[in-house]
Structures are given as structure tokens and as C-alpha cells.
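J.: Take the sequences, apply the hints, and build the full model.
There are 2 protein chains.
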Amino acid sequence: METNFLRAHIHQIVCLTDEEFEYARSFFTKRKYKKHQYIIQAGDVASQEHFVVKGIVKSSYTDHEGKEYILQLAMEEWWFSDPNAFNTGMPATLNVDCIEDTETLSISFENKEKLCASSRKMEYFFRKKYTTGNMALQKRVLALLSNNAGERYKQWRNQYPSLQKRISKTLIASYLGVTRETLSRLSL
Amino acid sequence: METNFLRAHIHQIVCLTDEEFEYARSFFTKRKYKKHQYIIQAGDVASQEHFVVKGIVKSSYTDHEGKEYILQLAMEEWWFSDPNAFNTGMPATLNVDCIEDTETLSISFENKEKLCASSRKMEYFFRKKYTTGNMALQKRVLALLSNNAGERYKQWRNQYPSLQKRISKTLIASYLGVTRETLSRLSL
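Chains as they are written, first to last, in full-length UniProt numbering: chain A, 1 to 188; chain B, 1 to 188.
Hints listed in this document are in silico derivations from the structure and should not be mistaken for laboratory results.
All values reported here derive from a predicted model rather than from experimental measurement.
Ideal Cβ placement from N, Cα and C applies to all residues, glycine included.
Take the hints with a grain of salt, since some may be wrong.
[Stated by the list, open to error] Now the stretches of chain B that chain A is said to cover, found in silico as 3 or more residues with beta-carbon under 8 Å:
hint	region
1	60-73
2	81-95
3	124-135
[Unchecked claim] Some chain A residues near chain B, calculated using beta-carbon distances under 8 Å:
hint	residue
4	D63
5	L71
6	N87
7	G89
8	Y124
9	Y130
10	Q138
11	R140
12	L142
13	L144
14	L145
15	A149
T.: Shown next as C-alpha cells:
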């Protein structure tokens with residue numbers, strides 16, 4: 001099942017033959033995590049990039065006063081990692097834990113580079129994925145800069161209606177960078 | 001001059017032979033802009049991605065009330081575009097204007113795809129560039145979420161000391177999402 005899911009995801013950008021897909025698939029490992037389990041912990045090595053097959057994860061940063069800031073809420077068909085840790089080998093600064101039971105297909109940095117070096121189509125795929133990732137992040141920066149909580153909530157709800165139903169209002173508020181009370185007013 | 005500059009920039013990621021570089025270079029066009037000139041205007045087509053050879057540009061979004069939000073201040077060796085317009089062909093939503101006289105090497109979407117399809121090394125280069133772009137944007141999202149203007153200013157000053165000397169305090173404040181008064185307090 002998870003294999004078909006990854007294949008359909010890749011095919012949105014580039015078509016692989018059965019053989020090419022099986023080759024690419026062999027670089028990934030299937031992983032299962034329980035709700036509340038940590039996939040990445042700040043301070044640890046975080047050498048895997050993960051594709052969500054099932055579930056939701058929360059990627060966050062906790063400052064020295066213990067306050068948590070949510071960077072990403074990732075569900076099926078999203079990719080997540082601690083990008084800095086993954087790409088540089090430095091210890092993770094982010095935490096990633098599971099909001100639901102989660103299944104991933106995960107690839108190490110080394111395997112990703114090997115796969116890209118040996119499969120032209122997969123290098124193209126990852127270049128395009130990062131391009132759309134950049135576009136989404138720029139949108140998020142603009143939404144945060146404009147600092148209009150109402151617009152931010154409306155935009156997020158429209159963009160990810162199915163995600164909204166599966167996570168708590170407290171998490172949504174934290175993701176948007178507003179208080180729980182502000183979000184309640186916006187939800188009325 | 002600008003050609004050597006681009007070559008040195010590419011060589012930070014991947015080494016090209018003279019021939020390979022000349023081939024890659026042929027996909028770029030050299031452009032010159034005056035201080036205050038617009039390179040991208042909201043509503044227009046923005047089919048070029050630009051590498052800054054000299055100067056500084058400001059990439060910003062203006063909301064329906066006329067308030068401007070700065071997404072990027074890009075100087076030598078940075079890349080800029082309206083990523084959404086560049087990658088989808090939709091009209092630009094951002095404005096990019098010159099803070100100083102600026103020179104760029106610019107590549108169209110079509111040429112970038114042709115170059116990547118015909119040069120393995122350049123596809124690798126652009127994949128890696130987008131990876132580091134993602135890392136920088138995630139840092140910016142976290143800085144905005146944590147909403148600590150002092151930390152944000154300190155981090156930015158440390159990251160780009162030479163940029164700070166070349167642009168006005170008003171622009172820096174806008175980039176950081178704080179008022180000019182707040183920035184003055186932080187600068188003391």
C-alpha cells in the first residue's frame with residue numbers, strides 16, 4: 001500500500017517505469033511510530049528524510065524558556081526532516097513527534113544522494129519538490145509578517161481543510177502563532 | 001567579471017570544466033538596473049530567476065491596504081525571483097526593486113529547465129541551492145514565530161554583517177517585522 005502511495009506521489013512530477021520505481025523504492029525503509037512517539041529529538045542525529053504514508057506529525061522548536069513553536073504539521077504525502085541536521089550532519093534543533101499513529105517511508109542523506117546520482121528522474125523529482133517547498137515557505141513568511149491572524153487562519157483552513165479536522169485547536173493556534181483565545185474568536 | 005563571479009558561486013557546490021561552464025553561462029543573460037528601478041512588478045509576468053552580481057534588491061509584498069512586507073533583501077551571490085510566478089507562469093504577486101544600482105545574470109524558466117535537462121551537474125547545483133534556500137526560510141519562519149525582535153535583529157546582524165551597512169534602518173525594521181522605533185531601541 002505505502003509503496004503505491006509513494007509511486008503516485010512521485011508520478012505527480014515524473015513518470016518512472018516499474019523497474020525505475022522499484023530501484024528508487026529500495027533506498028527507502030518503512031517505519032511505524034505510535035501517537036506521541038518522537039521521530040526526531042533535538043540534540044540527536046537526524047539523518048533521515050521522511051515521507052508520510054499515514055498519520056500526522058508535528059515539527060517544532062523549543063526555546064530556552066521551554067516555549068514551543070510549531071514549524072510544520074505534516075500529514076499524508078508530505079515530507080519532513082530537520083533540514084539543517086539532515087543536510088549538514090549537525091545535531092537536530094527540532095523535535096518531531098506523532099499527533100496520530102504514523103507510518104513513513106524514510107531515506108538517509110547518503111541514500112538520497114546515491115539515488116539522485118544514479119537516477120536522473122529522481123534528482124529532477126527532488127529538485128522540483130524543494131522548489132514547491134520553497135514556494136510554501138515563502139507564503140508562510142509573508143503570512144507571519146503581515147501578522148493578520150484572521151487572514152492566516154482563513155488561508156490555512158482553505159489550504160488544508162482535511163488537516164484542520166484532525167488536529168486540536170491548541171495545535172492550530174500554536175502553528176499560526178496566535179493564542180488559543182484569539183483562535184476561538186476567529187473560529188466563531 | 002560577472003561571469004567569474006557566477007563560476008566561483010557554482011564551484012562552491014559543483015566543479016564545472018571550462019566547457020561545461022561556458023555552456024551553462026550561455027543560458028543566462030546579463031542585465032543592468034538603476035537604483036529604484038523595478039525588476040519585477042506585481043501583476044506582470046516574471047519568467048526570470050536572477051543571480052545578483054552587484055547591488056542589492058528588495059523583494060516585497062504589498063497588501064490591499066498598501067502596507068509593504070519585505071520578504072528578502074538580496075545582495076551579491078543571492079538568487080531572487082517571484083518563485084510562484086517563475087515556476088507556475090502565473091502573474092507576479094511580489095515587487096522587486098533595486099536598493100542600489102544592480103547587475104544580474106538572469107535565466108528564464110524555460111532555459112533553466114533546458115539547462116538542467118542537459119547538464120547533470122547544473123541540475124545537482126540547483127537541487128542543492130533550493131535545499132539551502134529551504135533551510136534559510138525555515139530559520140526565518142522560526143524567527144518570526146518566536147517573535148522576539150531583539151533575537152531576530154541579533155541573528156540577522158550576525159548572519160549578514162555586510163548587508164546591514166548598506167541598507168537603511170527603516171528597511172531593516174520592515175524586513176524584521178518590527179517598527180522603526182523598536183529597532184532604534186534594539187540598536188542602542
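J.: Against this structure, judge whether each hint is valid.
T.: The hints, checked one at a time:
1. Counting residues of the region 60-73 of chain B whose beta carbon lies closer than 8 Å to any beta carbon of chain A gives 6, which meets the minimum of three for the stated coverage.
2. Figure legend: the region 81-95 of chain B, annotated as covered by chain A; annotation consistent (3 residues with Cβ-Cβ distances under 8 Å, at least 3 required).
3. Given a C-beta distance limit of less than 8 Å, the hint that chain A covers the region 124-135 of chain B holds, as 9 residues qualify and 3 suffice.
4. Annotation: interface hint on D63 (chain A) holds; nearest CB of chain B at approximately 6 Å, less than 8 Å.
5. At its closest, the beta carbon of L71 (chain A) sits 6 Å from a beta carbon of chain B; the interface hint therefore holds under the 8 Å criterion.
6. The interface hint given for N87 (chain A) holds, since its Cβ lies 6 Å from the closest Cβ of chain B, which is under the 8 Å cut-off.
7. Below 8 Å, beta-carbon pairs count as interface contacts, and G89 (chain A) has none with chain B, the closest being about 13 Å; its hint is therefore violated.
8. Because the smallest distance between the Cβ of Y124 (chain A) and any Cβ of chain B comes to about 7 Å, under 8 Å, the interface hint for this residue holds.
9. At its closest, the beta carbon of Y130 (chain A) sits 4 Å from a beta carbon of chain B; the interface hint therefore holds under the 8 Å criterion.
10. Here the hint on Q138 (chain A) is kept, as its CB sits about 6 Å from the closest CB of chain B, short of 8 Å.
11. A least Cβ separation of about 5 Å between R140 (chain A) and chain B falls short of the 8 Å threshold, and the interface hint therefore holds.
12. A least Cβ separation of about 5 Å between L142 (chain A) and chain B falls short of the 8 Å threshold, and the interface hint therefore holds.
13. Restraint check, L144 (chain A) versus chain B: the minimum CB separation of about 4 Å is within 8 Å; hint holds.
14. For L145 (chain A), the interface hint holds, since its Cβ comes within 8 Å of a Cβ in chain B; the closest pair sits about 4 Å apart.
15. With 8 Å as the threshold, the beta carbon of A149 (chain A) stays out of range of chain B, its nearest partner Cβ sitting at about 12 Å, so the hint is violated.
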